[in-house]
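J.: Dock chain B against the given chain A, drawing on the hints supplied.
2 protein chains.
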Amino acid sequence: MLNSVQSIVIFLLLLGFSKNYSQTNHQEDSLMIRSIFDEALIKGQCHQNLYELCKDVGHRLTASPASYEAIAWGKKKLEELKLDSVWLQPITVPHWVRGEIERLDFSNKNTPLHVSHCTALGGSVGTDGKVLEGNVIEIRDWSELEAMDDKSVKNKIIFLNKPMNPALISTFSAYGECGEYRHYGAIKASKKGAKAVIIRSLTLRDDLNPHTGSMQYEDGVDKIPGIAISSKDAYQLSRMIQEDAQTSIKMKLECQILPDTISYNVIGEKRGSENPDEIILIGGHLDSWDIGEGAHDDGAGVVQSIETMRMMTSLKYAPKKTIRCVLYMNEENGNRGGKGYAKYAEEYDENHIFALETDRGGFSPRGFSIDGTSEQVENIKQFQTLFNPYFIHLFEKGYGGVDIGPLKNGKVCLVGLVPDSQRYFDFHHSPSDVWENVNKRELELGSAAIFSMVYLIDKHW
Amino acid sequence: MLNSVQSIVIFLLLLGFSKNYSQTNHQEDSLMIRSIFDEALIKGQCHQNLYELCKDVGHRLTASPASYEAIAWGKKKLEELKLDSVWLQPITVPHWVRGEIERLDFSNKNTPLHVSHCTALGGSVGTDGKVLEGNVIEIRDWSELEAMDDKSVKNKIIFLNKPMNPALISTFSAYGECGEYRHYGAIKASKKGAKAVIIRSLTLRDDLNPHTGSMQYEDGVDKIPGIAISSKDAYQLSRMIQEDAQTSIKMKLECQILPDTISYNVIGEKRGSENPDEIILIGGHLDSWDIGEGAHDDGAGVVQSIETMRMMTSLKYAPKKTIRCVLYMNEENGNRGGKGYAKYAEEYDENHIFALETDRGGFSPRGFSIDGTSEQVENIKQFQTLFNPYFIHLFEKGYGGVDIGPLKNGKVCLVGLVPDSQRYFDFHHSPSDVWENVNKRELELGSAAIFSMVYLIDKHW
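Each protein sequence line maps, in turn, to chains A and B.
Every letter in the first sequence is one number past the one before it in the numbering used here, and letter 317, counting from 1, is 426.
Every letter in the second sequence is one number past the one before it in the numbering used here, and letter 154, counting from 1, is 263.
Since the list gives no way to pick one copy over another, a pair counts as held whenever it fits inside one copy or between any two copies.
In the BS3-like style, the derived pairs of lysine-lysine whose C-alpha atoms are separated by at most 27 Å in a straight line are:
| hint | residue 1 | residue 2 |
| --- | --- | --- |
| 1 | 341 | 265 |
| 2 | 520 | 490 |
| 3 | 341 | 152 |
| 4 | 152 | 271 |
| 5 | 490 | 506 |
| 6 | 164 | 191 |
| 7 | 425 | 568 |
Honestly, the hints are just simulated from the structure, not real lab data.
Bound-form chain A, shown alone (with noise of 0.2 Å):
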């Protein structure tokens, strides 16, 4: 409870800041970023833009037909917005394809057949054409896994079991603690003598719906398959496990590696009337796991980005800096979009002051993740309280995201925009990531948000 003395110095000291950062400044900003919500609410055109995408495009992953739609129709979209110019990036791209059949049966002495909900993880080589078969270890933790003698791994189908820890308030946290084991999953199992792994599902849900990713490989180590199973399958594969130590369990994938082949980042750009060389980019990724729609998981990435790009042109605002939109590919098994673009840049002494990845989802957004020095830190924590009034207010260092994040180089700020994370993962790389789960004023907010920020930084930096 403050007293009397506190409250003078804190107002002498707010005096103080507004006149870093000037009065006039504030109120001009805050009628620009009010004109950009208006904009993006009243007007809005990236829910129906995520429509187009999700429905009449789909599932878009790399290589697929459907990514080279997806291709076309982000470079139609940012060409209607009549841009200072337009264009595809090739980069060379993974071609992992899913195959037809995809099944995992379990048995043991009480339950002769129990079908699961499954999905080949992103990246997973097949059966062979063969149904795979074995008995089945359930797994907890690296560790239990290390502690296992080869011998009694040898052969066997490994179980990792593994539930996101629901304690963890942003969802991602969580996400992260698990992640390894579906990456690494197959590698470390191989190392012990498996011959295939199956991962219990990312999602904080008890549902039926199973979740895909990537997994990695490790030259010199067998590829054995890998497989994800939906949560209420894992308890069901536990339980059997519990009952029956000689459960077993039947697999039968079609999925292939195929060799490398072309693709494309999607890039639109409105050059700057002052320091056109300043470039401040905005992006998400085009690509997206292959069940589903991708909504989220980078529908909305996408559509938002395109709409601050429209809405520049709507609003008639003359950016100082070069303000660059990219639409990168293959973000979901290789990032060889974000890696490609930053040897573009690299090459081509390109100077990005900024850049801001929306990929965590079409919610409310809540804040900026800031990747950045210090300095970058404290300069946009300055613009805090602009966004106060849109209920944006978590301001803190952190991550960007994994497209932008080859740019780094010490001088270049990175942000990832930080959406409400609690539902992401109930969607996230599943058949339940469509359009029909994404909320239209949410992804708006988003929207505004960004271009926001992108305002702040080409107006102040």
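T.: Quick look at chain B alone, frame taken from chain A:
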């Protein structure tokens, strides 16, 4: 951007603050709050309780058979928690019944029949067993109605087509602006000689859901029926009127206003160990509208209030003050529960020091809206940093809620839990306000926020 002198002064000030609200307290409190969130997220029961309330009891309009089932359910739930006392508080309530048939059709020269998605407004009279027919006049604003002469309104049906304003960030502000059209539409239209009133549903979505809600009559003014149509039907009706000024409607409603009857608030309390006469109240309302399941409105608030009492026991927290949970009856169409409760409190000279209402949906908690003295507001704001790790940032002077409103006496501090509001009016008072549309984590986070605030008030006030 801070200069170093400012930084030092701020640092000293922060030191100063922590002397007021001591470092020891802060550490202790932050540990307790962490335990509360852990309990809610790991062992939370409110989502399961909400399932029971929505699926076993269902919607529960005041004085309906299900409302008495809800009372029995709420009482049982509180009794299971082994509180110090649980009781029912009798109150006289209005008794409105919807009846079987509600239908509203439009027709004009181009469209012989358009059957709308409609719902009688709560409290409306019916159409006397007949079909009410007439021409319809569209009104966008009170001023348009007032500008019309009585002759041209006589025997017409008034269509109040006032959409909620999407530009307002808090959807409650937009609802507030439009609410009077639903509340007073029948009175104002009747005064002009109209024979029925149609309102556009209060929602920000374009869909086919009709949204009900309370409407009022005035003594001495003819009671005319009131009905809401979905936003898509509102577009349709508006278009038809533009095509043809002779657009007419047929309406049939079987609602009835029956004599007042008796119902109950459900109350449970844990007596304070040090100051039992100081009461901290938490609550939501047990009644709901009779379409959907009242899951967000206010099943969420009911189960969050019960959950707070449960967590107090499971975390072995012995409150210093008396913590009382009130499940109010009749918030939706009369607030007799809220008024009755306050009357008892006054008669028995009870000392409520703090009351927290949760009745804005089971969404991610964003903060608290505080209706209290400036000192109370400042005192609560001091707790803000304890909530920031849970992404709860909003602490501002505002409004508590309908149920606790009648307690206001210049001394008790009234507080409303503020969840994210973006999706609330997608569901509010409509058939889609069902359990499936409430996210488990969001609901649980709200319950943890409530108990955390109650804990801080109990300990520090």
